[in-house]
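Student: Residue numbers (the numbering used here), protein chains in the order written: chain Y, 4 to 167; chain R, 3 to 621; chain V, 21 to 435.
The set of hints was computed from the structure by calculation and includes no laboratory data.
Misleading hints may appear alongside valid ones.
Claimed, not checked - Chain V stretches covered by chain Y per the calculated footprint, using a threshold of three residues with CB under 8 angstroms from any CB of chain Y:
| # | region |
| --- | --- |
| 1 | 56-63 |
| 2 | 318-328 |
As the list claims (entries may be wrong) - The calculated label-pair distances, taken between Cβ atoms and stated as ranges, are:
| # | chain 1 | residue 1 | chain 2 | residue 2 | range |
| --- | --- | --- | --- | --- | --- |
| 3 | V | Gly259 | Y | Ala131 | 50 to 56 angstroms |
| 4 | Y | Thr90 | V | Pro234 | 33 to 39 angstroms |
| 5 | R | Glu588 | Y | Leu35 | 20 to 26 angstroms |
As the list claims (entries may be wrong) - Below, in silico cross-link-like pairs of lysine-lysine (BS3-like), each with a Cα-Cα straight-line distance of 30 angstroms or less:
| # | chain 1 | residue 1 | chain 2 | residue 2 |
| --- | --- | --- | --- | --- |
| 6 | Y | Lys32 | V | Lys391 |
| 7 | V | Lys147 | Y | Lys43 |
| 8 | V | Lys391 | Y | Lys42 |
| 9 | V | Lys415 | Y | Lys57 |
| 10 | V | Lys216 | V | Lys147 |
| 11 | Y | Lys43 | R | Lys462 |
| 12 | V | Lys415 | Y | Lys43 |
| 13 | V | Lys413 | Y | Lys57 |
| 14 | R | Lys606 | Y | Lys146 |
Only a predicted model underlies this, so the values are computations on that prediction, with no experimental measurement involved.
Glycine included, every Cβ here is placed at the ideal spot set by N, Cα and C.
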Amino acid sequence: MQEVLVDKERCLGCRSCELACAVAHSASKTLLGAVGEAKKPLKRIFVHQTEAGKIPLNCRHCAEAPCIDACIAGAMHRTAEGVVTNTGGPAECTGCWMCVMVCPYGVIRSEIAQRLAVKCDRECLDEAGEPACVRACQTRALKYVEVDDFSREKRERFLISLKS
Amino acid sequence: MVEKSIDQATLKMLKKAQRDGIETVWDRLAAQEPQCGFGQLGICCRNCNMGPCRIDPFGDGPSQGVCGAGADTIVARNLVRAIAAGAAAHSDHGRGIASTLLASAGGDTADYPVRDEAKLQALAAEYGIAVEGRATAEIARDLANAVLEEFGTRKGALQFINRAPEQRRAVWDKLGITPRGIDREVVESMHRTHMGVDNDPVSLILQGMRTALSDGWGGSIVATELSDVLFGTPRPVKGSSNLGVLKEDQVNIILHGHEPTLSDIIVHAARDPELLQEARARGAAGINVCGMCCTGNEILMRHGVPVAGNFLQQELAIVTGAVEAMIVDIQCVMPALPQVAGCYHTKIISTSPKAKFPGAEHIAFDEHNAMETAKKIVRIAVENYSNRRAEKVNIPADQMEYMAGFSVEAILEALGGSLNPLIDAVKSGAVKGIVGVVGCNNPKYIQDNSHLVFVRELIKNDILVVGTGCAAIACAKAGLLLPAAAEQAGDGLRGVCTGLGIPPVLHMGSCVDISRIMTVAAAMANALGVDIADLPLAGAAPEWMSEKAVSIGTYVVSSGIFTILGTVPPVLGSQNVAELLTGGAEKVVGAVFAVEENPAAAAKLAIDHIAAKRKALGL
Amino acid sequence: MHIVIIGNSAAGLAAARTVRKVAAGAQITVISDEPGPAYARCLIPEVLAGSRDLPGIGYVGADFYRQYGIELLAGQTVTSLDVEKRELTTANGRSIGYDRLLLATGASPVAPDWPGADLPGVFTLRKADQAAAAGRWARDCASAVVAGGGLVSLKAAYALKERGLPEVTVVVKSPHVLIKQLDAQSAALVEKELAKTGIKFVYGVEPVAAVKGPQGAVQAVELADGRRLPAGLVMVGKGVRPNVELARRAGGRVDKGIVVDDNLATSLPGVYAAGDCIEVTDMLTGDKTTSGLWTLAVEQGRCAGYNLAGLPGSYPPPLTRLNAAQFGALPFISAGDVRGGDETAVYQDGGVYRKVCFRDGRLVGFIMVGKVDRAGVYTALIKQARHIAGRLKDKVAGGTVTGADIVYSRTVPVR
Chain Y
4 MQEVLVDKER
14 CLGCRSCELA
24 CAVAHSASKT
34 LLGAVGEAKK
44 PLKRIFVHQT
54 EAGKIPLNCR
64 HCAEAPCIDA
74 CIAGAMHRTA
84 EGVVTNTGGP
94 AECTGCWMCV
104 MVCPYGVIRS
114 EIAQRLAVKC
124 DRECLDEAGE
134 PACVRACQTR
144 ALKYVEVDDF
154 SREKRERFLI
164 SLKS
Chain R
3 MVEKSIDQAT
13 LKMLKKAQRD
23 GIETVWDRLA
33 AQEPQCGFGQ
43 LGICCRNCNM
53 GPCRIDPFGD
63 GPSQGVCGAG
73 ADTIVARNLV
83 RAIAAGAAAH
93 SDHGRGIAST
103 LLASAGGDTA
113 DYPVRDEAKL
123 QALAAEYGIA
133 VEGRATAEIA
143 RDLANAVLEE
153 FGTRKGALQF
163 INRAPEQRRA
173 VWDKLGITPR
183 GIDREVVESM
193 HRTHMGVDND
203 PVSLILQGMR
213 TALSDGWGGS
223 IVATELSDVL
233 FGTPRPVKGS
243 SNLGVLKEDQ
253 VNIILHGHEP
263 TLSDIIVHAA
273 RDPELLQEAR
283 ARGAAGINVC
293 GMCCTGNEIL
303 MRHGVPVAGN
313 FLQQELAIVT
323 GAVEAMIVDI
333 QCVMPALPQV
343 AGCYHTKIIS
353 TSPKAKFPGA
363 EHIAFDEHNA
373 METAKKIVRI
383 AVENYSNRRA
393 EKVNIPADQM
403 EYMAGFSVEA
413 ILEALGGSLN
423 PLIDAVKSGA
433 VKGIVGVVGC
443 NNPKYIQDNS
453 HLVFVRELIK
463 NDILVVGTGC
473 AAIACAKAGL
483 LLPAAAEQAG
493 DGLRGVCTGL
503 GIPPVLHMGS
513 CVDISRIMTV
523 AAAMANALGV
533 DIADLPLAGA
543 APEWMSEKAV
553 SIGTYVVSSG
563 IFTILGTVPP
573 VLGSQNVAEL
583 LTGGAEKVVG
593 AVFAVEENPA
603 AAAKLAIDHI
613 AAKRKALGL
Chain V
21 MHIVIIGNSA
31 AGLAAARTVR
41 KVAAGAQITV
51 ISDEPGPAYA
61 RCLIPEVLAG
71 SRDLPGIGYV
81 GADFYRQYGI
91 ELLAGQTVTS
101 LDVEKRELTT
111 ANGRSIGYDR
121 LLLATGASPV
131 APDWPGADLP
141 GVFTLRKADQ
151 AAAAGRWARD
161 CASAVVAGGG
171 LVSLKAAYAL
181 KERGLPEVTV
191 VVKSPHVLIK
201 QLDAQSAALV
211 EKELAKTGIK
221 FVYGVEPVAA
231 VKGPQGAVQA
241 VELADGRRLP
251 AGLVMVGKGV
261 RPNVELARRA
271 GGRVDKGIVV
281 DDNLATSLPG
291 VYAAGDCIEV
301 TDMLTGDKTT
311 SGLWTLAVEQ
321 GRCAGYNLAG
331 LPGSYPPPLT
341 RLNAAQFGAL
351 PFISAGDVRG
361 GDETAVYQDG
371 GVYRKVCFRD
381 GRLVGFIMVG
391 KVDRAGVYTA
401 LIKQARHIAG
411 RLKDKVAGGT
421 VTGADIVYSR
431 TVPVR
């Protein structure tokens, strides 16, 4: 499947991906409309400052996703397209935060009042099938590409490293 | 490519540009997209080096910059800085003209005689300068000095604000926004927006208004009025417009930028027999001087010089392959020009010590050796004709006649010496009101489309349109500056235009000449004994892009005139600032901004506004 | 190949799914002593509260078993296991052969040993039908006593309040609620949030008897200190015990739970075990302990699934203390060792509390109350067991560490 990959050398920390993500999840789908909306849209990508530089991070849609394992409600699931999401599945999210507790990337938000875990759901693809964050990236630090086995393996090794 | 322009010449040249492998402003816009949302909303701040900072517009991240400034402060500061930059541009332009007048009066240059003595005397009288029995040069010197003094004056207020009706001046005084000095307001705006100075959005915006007023009732008026003194006050004149004015068999020179100082001389230099001889010797039938943007407007207004196009056509003029030289001075000259010119034989010649362009040839121009420099530049163009490559030439046939030159004086003359016939027409409802349509092109919007849809809708509804800048050139290219365009007007306006033999859209000059519109508005208010805010007037900048437009819009609103912006200003990151500009300002200055990207809807706003103002006046 | 799975919850289902994924042709039978399709066990307090019915906590789609080609034998208890013949027998006498078997038999609540524990109106909360029954019973009650201060007990108390019982008292033997997950400060925040609903708390004492009323049902609870609390309903939350009998009777090794090796194989040939019924090694302490977490059960089920399908895979010692919940408007997450450690960093501001615990320069536990975003990064740091120092340590202690800090860290994780 296609994944959002980060070329961290290229990220300038402009946060355009964050804005684009929030706008794509707004009612109006436009920046100027979204800023006026009573219910502010929520971004699902986060630009972080680390020792290694600026890094945009969103859900990796892990092959063996800890959030799916942890979901006690059965809401978190993988769609036929490979997207890990807690909406539109066999059950509704109850806001138990088990997914938040286990996501090593820290990219699942806890909307406490709504009792809703909010995450990258790929409900943001444009006509060309590109996610809003990737489209917004001026420097191509974010790329939406078919992931080769090597990269996927590298990611899985990281996850396995968490299993002690 | 329909989405880029409605101008056929533009579309043809864009196709040629593509064939020739030329990147234009539209390509660069596409490369910039998506543009930064923080910038679009006005919530990024680079004013100090603790930053750069930005505010999360969705309340989902930082709500304050490092210094503690929130969205309201940052948006207001950025807006005030844009106003200051715009006001500085117009005012520095005005200072240049005043300096030229001083040089002329001091005998330092023979190339700039006073061409309008009546206007010189009228302005001198306005400044309380004695005129009786004095030589022109003496009056000119005193006037130039008095005007130059306005930039740093300590007398408390600018002279030209006295043109505004008393009621309006009272509003400014009450708010403490009467401009005190042209330079001072810009300096104070820069000071106040420095880290840790003025952080209150209301206070900041009031200073922004004062700064803008120092442009509209200061720098811009200076530029207009002294240009008239030096180069002649425009009178109705005819000419043609659009890229079709370029001639395949002549040396084509395009004058681009904003000032009349060099361009006016070049118009004369190009008539030099020796240079014409040289041109013929190289196989050209003549020397064809054309304008572009507001420099184009300056020479169009005074000499009927053909205008090759507006802002978005500057690169495309070069793409015709038929331009020997593009001579540029200041403002709105794309830094991309030398790159585009590099693919053709065109020489880009920069002339202002304030504006240099990597890749362009720089020939410093100053008023002391004006004609000499002008001839030198024309000669370069003539010589360059030999380098023209026929296979690269493709001039679109599109051109349109225009009638322009509607200075305040020209309008008064057309009306028979007084504004009364116009005021009567407004009273009778034959003319419902007047809307100033001004401003730029912006590649984010279809070139000229907003201008034309808006203007056509207004004249259809018996609203007289007065235009300047690139908006006026858009109207010229569409034939709206011809008396025959009155056919497109409503019955009332058509009758008035036909009776006077004028077009329904009056070209009043370059962007500094919006001061002419303010002068007319003030005169109408004075004639009726009301405030400008009471008049059935509106302003619009349907395709604006520059900081000058921000200053213009702000001084127009601060002068009491409802103003519609057709492109969204970067203020939506602060609901408070946006609300102040579009709502709260009404109670303060008697006018607000409206933002409407759809030109038909914008026209409706203007029409409704004028109807409301008429009703309030009992008309 | 016929794979039989006893248990239709977290571990059993994860195993069945995995087998289907990697062994498309395998025959899969799932046997469950509970009726109907799988449900979200952790959500049964909502059934007690009456906010959802049984279908409302369904864990899989209606079509799941057909779609995955799983034969579900619901409502059938396996009574014996013949590992020689690779055959099991159900309570209704049915014999079922298998090639490989998974015991995902789960755990059962610890029943109270005090007098009156078997009275009508005394419940435990483990299965959906218990929750439904307790909910029905609660309709006629004005008061309830919940024995125990663990997560299930508090969820039950909260549910009973939601159901509208005027008086709900939680009797906690420990000095504060959630003794396994929280410290005193954080527990106080949770208690305060629960108290807002009217729930009362009694600490440091245990019930010693359920008192019979005139109708023959429970009417009060007697505490060790002699106090009597009125109780039309008693909910006992004294933890759970792994269901090991089937394995034990078949001769399998059993200690704290069914003993399994790295591949989750029991001592019985062809028999694997996963989920709440097994014994695991805690990754932090190295101690043998019961498992008992939904997320671990899923992990184990998947691991067992691979092994059942003939693809060997090992299951490393897990982090066995890991929980999240929300009461009212207060979320909290606790992971690892939250009271041990040689260095802690505590932050509290009103209803927001965070504590991170280090031992030997490694993160070993944390508590987050009020704000829980990015808790998973902390969990990951515990699991990575890497040395944390310098700016990373500041970020961890200060609550600002992000996934990017660990994914793209220059520091190589150490074991």
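Student: Evaluate each hint against the coordinates.
Tutor: Each hint, compared with the structure:
1. 56-63: holds (count 4)
2. 318-328: This one holds; 3 residues, not fewer than the three required, reach chain Y with a Cβ under 8 angstroms.
3. V:Gly259 x Y:Ala131: 50 to 56 angstroms: holds (55 angstroms)
4. Y:Thr90 x V:Pro234: 33 to 39 angstroms: violated (52 angstroms)
5. R:Glu588 x Y:Leu35: 20 to 26 angstroms: holds (22 angstroms)
6. Y:Lys32 x V:Lys391: holds (29 angstroms)
7. V:Lys147 x Y:Lys43: Outside the cut-off at roughly 40 angstroms; violated.
8. V:Lys391 x Y:Lys42: holds (20 angstroms)
9. V:Lys415 x Y:Lys57: holds (15 angstroms)
10. V:Lys216 x V:Lys147: holds (28 angstroms)
11. Y:Lys43 x R:Lys462: violated (42 angstroms)
12. V:Lys415 x Y:Lys43: Cα-Cα ~28 angstroms, so holds.
13. V:Lys413 x Y:Lys57: holds (18 angstroms)
14. R:Lys606 x Y:Lys146: violated (44 angstroms)
In summary, the numbered hints that this structure violates are 4, 7, 11 and 14.
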